[in-house]
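Residue numbers (UniProt numbering), protein chains in the order written: chain A, 21 to 339; chain B, 21 to 339.
Honestly, I wouldn't trust all of these hints.
In this list, chains with the same sequence are indistinguishable; a pair is considered to hold if it fits within one copy or across any two.
In silico SDA-like links for lysine to any residue, alpha-carbon gap of 25 Å or less [unchecked claim]:
(1) 295 - 58
(2) 117 - 80
(3) 110 - 331
(4) 110 - 30
(5) 110 - 35
(6) 110 - 41
(7) 294 - 243
(8) 110 - 334
(9) 110 - 66
(10) 59 - 133
(11) 117 - 140
(12) 110 - 95
(13) 110 - 325
(14) 318 - 63
(15) 318 - 101
(16) 295 - 45
(17) 110 - 34
(18) 318 - 296
(19) 61 - 217
(20) 318 - 34
In case anyone wonders, no lab produced these hints; they're calculated from the structure.
Number of protein chains: 2
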Amino acid sequence: PSHEAAAAVRERDAQLTKPPGSLGRLEEIVEFLAAWQGKGKPEINRPLVAVFAGNHGVVAQGVSAFPPEVTRQMLENFTNGGAAINQLCKSFGLGLKVFELALEHPTRDFTVEPAMTEAEAAATLAYGMEAIDDGVDLLAPGEMGIGNTTAAAAIYAALYGGPASLWTGRGTGVDDTGLARKTAAIDAALALHGPHLSDPLEILRRLGGREIAGLMGAILAARRARVPVVLDGYVACAAAALLHALNEDAIAHCLAGHVSAEGAHAEVLRRLGKKPLLDLGMRLGEGSGAALAVGVIKAALACHRDMATFASAGVSGAG
Amino acid sequence: PSHEAAAAVRERDAQLTKPPGSLGRLEEIVEFLAAWQGKGKPEINRPLVAVFAGNHGVVAQGVSAFPPEVTRQMLENFTNGGAAINQLCKSFGLGLKVFELALEHPTRDFTVEPAMTEAEAAATLAYGMEAIDDGVDLLAPGEMGIGNTTAAAAIYAALYGGPASLWTGRGTGVDDTGLARKTAAIDAALALHGPHLSDPLEILRRLGGREIAGLMGAILAARRARVPVVLDGYVACAAAALLHALNEDAIAHCLAGHVSAEGAHAEVLRRLGKKPLLDLGMRLGEGSGAALAVGVIKAALACHRDMATFASAGVSGAG
Chain A
21 PSHEAAAAVR ERDAQLTKPP GSLGRLEEIV EFLAAWQGKG KPEINRPLVA
71 VFAGNHGVVA QGVSAFPPEV TRQMLENFTN GGAAINQLCK SFGLGLKVFE
121 LALEHPTRDF TVEPAMTEAE AAATLAYGME AIDDGVDLLA PGEMGIGNTT
171 AAAAIYAALY GGPASLWTGR GTGVDDTGLA RKTAAIDAAL ALHGPHLSDP
221 LEILRRLGGR EIAGLMGAIL AARRARVPVV LDGYVACAAA ALLHALNEDA
271 IAHCLAGHVS AEGAHAEVLR RLGKKPLLDL GMRLGEGSGA ALAVGVIKAA
321 LACHRDMATF ASAGVSGAG
Chain B
21 PSHEAAAAVR ERDAQLTKPP GSLGRLEEIV EFLAAWQGKG KPEINRPLVA
71 VFAGNHGVVA QGVSAFPPEV TRQMLENFTN GGAAINQLCK SFGLGLKVFE
121 LALEHPTRDF TVEPAMTEAE AAATLAYGME AIDDGVDLLA PGEMGIGNTT
171 AAAAIYAALY GGPASLWTGR GTGVDDTGLA RKTAAIDAAL ALHGPHLSDP
221 LEILRRLGGR EIAGLMGAIL AARRARVPVV LDGYVACAAA ALLHALNEDA
271 IAHCLAGHVS AEGAHAEVLR RLGKKPLLDL GMRLGEGSGA ALAVGVIKAA
321 LACHRDMATF ASAGVSGAG
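Bound conformation, chain A alone (with noise of 0.2 Å):
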């Protein structure tokens, strides 16, 4: 991050014609922005939702509330503008580019073997990386996968620690068998693969879903062409907890966009130091929490930008 960037935001700051600190986080938001963007004067010209979709072997089990081919169902949904985060990126001005990881190639099911091969893995994960070309300025990635609290519960007890039943939540709604099943499945799972969960992209590979290595991958790319990332809910915090595990820095560059109410979101939070923008109540994933939080940090930029001083406006300062 650029100290000096974020100096000169500190500097413009206590000139704006407000009480010093009355901005509360939308002033730290715009010294963020500085830092990692590097500039004195940040800019969210190209906020993009990047919505990441996979499937998931494990839904044989029984995981979801809701079929497979949702996943690809909901993905022309996204094409046609009928889904949230259609709704939240037109209200706030963000663009959406799904990107689309082999959908007829579900994931093998994890409590029989791993999800992934190596080479899926990281070709997945490199694909990721394409996600912040265009200029890109403030990147909010998402995803879209029936089966996918399953693996990010699975993620998190792999990495935190179990039993299941701690990190595991309804998801889309399933009912209290449903949920049995889940949980079941995650502690078969972490039974089957313990023996090789000590490093955080063998979890990856054993027990997530291609949109996670995607996920992983936007995270990464973002970092390295400095633009800062908004990270959404209870599957997306579970790349980020990946990264974090490789290395805390690595996602230093990232803001909560808001806490989940699906299952242990604000446990993992917590544990990966993040303080989340927004508190509502949503669990729908698609990027929706963190578009929505795009919507108040692109506000603090514009107060930040666009209010006057108090010597341009001929305000007295504090006595």
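Use these hints to put chain B onto chain A, whose structure you have.
Just chain B now, kept in the frame of chain A:
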């Protein structure tokens, strides 16, 4: 509120392409708008920030970090588009209207005598009722007035019990000495007016300010006009608290836009039974927290209004 309108929203919500409940409070918001607008298809076409501005005699006690001429200077800044509230209104498409309340006649110093006469308080409250003309369909009342966090703290202490220190914060940023003067001024006022503080309207007259009276009128008029209200922070909620003390139901059409970092605002919201939408450490006033919340509220409505249904998008429902 219209139960039929709320039911119509719930019925449509159940058909939208998302798991039930997955938009969390965004779903509640739309139901709230529908109920209070009395429309199964609620609308936000003319959202308005109405800023009430007044001056305060109690500034003679050295309770503010800024000199009193800043009230008028900031109104000029609003007119010229240079304040935070201007940028927030522009970001989210809100109108902004400023109600200047006899700035050249500050209220009287309430440590010595009542801040307003009955006629002044009543006339200002009536004037505030004009805020919602012109087809406004969502109201975010804000305020500007050097010294007004002192008035608000005095109102809370009178309504909810002292000592003043429980309710007093640093406002625009007084230092420890200033905070001690501010707390002492409120304690002096409570001692002076104590026998007359059982009636909320008498609290308004003796300890309030013109902008607080105006805010009360605006909130009342919105109720009669079926206009939902988004409450701002510490000072705006003093008006809501006075109405609530008169009749708990009087602010049922109000959402808490945010919880302020100022003083005891979180405790005030708890007493009013309101859960804030945002918690971003803001303490600026001007309606800024409410305006930011309107951004979220408009996005919530856009999701409800424009998302595809399972049937229209050809997405399979939950198994």
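inquiry  = Treating 25 Å as the Cα threshold, decide for residue 110 and residue 331: within, between, both or neither.
reply    = Between copies, since 23 Å is at most 25 Å while 36 Å is not.
request  = With 25 Å as the alpha-carbon cut-off, assign the pair residue 110 and residue 325 to within, between, both or neither.
outcome  = both (22 Å within a copy, 13 Å between copies)
Homomeric proximity label, residue 110 with residue 66: Cα distance no greater than 25 Å = Both. Shortest intra-copy (13 Å) and inter-copy (19 Å) distances satisfy the 25 Å Cα cut-off.
key: Intra- versus inter-copy proximity for residue 101 and residue 318 (alpha-carbon distance at most 25 Å)   = Classified as both; 22 Å inside a copy, 18 Å across copies.
message = Within, between, both or neither: how does the pair residue 294, residue 243 come out at a Cα-Cα threshold of 25 Å?
response = within (17 Å within a copy, 39 Å between copies)
message = At most 25 Å between CA atoms: does that hold for residue 318 and residue 63 within a copy, between copies, both, or neither?
response = This pair counts as both: shortest intra-copy Cα distance 9 Å, inter-copy 24 Å.
Homo-oligomer pair classification [residue 95, residue 110; C-alpha up to 25 Å] = within (17 Å within a copy, 32 Å between copies)
request  = Go through the copies and call it for residue 318 and residue 296: within, between, both or neither, with a Cα cutoff of 25 Å.
outcome  = Classified as both: same-chain Cα gap 16 Å, cross-chain 21 Å, threshold 25 Å.
message = Within, between, both or neither: how does the pair residue 110, residue 30 come out at a Cα-Cα threshold of 25 Å?
response = This pair counts as between: shortest inter-copy Cα distance 23 Å, intra-copy 31 Å.
task = Check residue 110 against residue 35 for me: Cα-Cα at most 25 Å, and say if that holds within a copy, between copies, both or neither.
result = between (33 Å within a copy, 21 Å between copies)
query = How would you classify residue 110 and residue 41 at a CA-CA limit of 25 Å: within, between, both, or neither?
reply = Answer is between; shortest inter-copy Cα gap is 22 Å, intra-copy 31 Å.
task = Pop the pair residue 110 and residue 334 into one bin, within, between, both or neither, using alpha-carbon distances up to 25 Å.
result = between (37 Å within a copy, 22 Å between copies)
When the structure is compared with the earlier hints, violations turn up for hints 2, 10, 19 and for no others.
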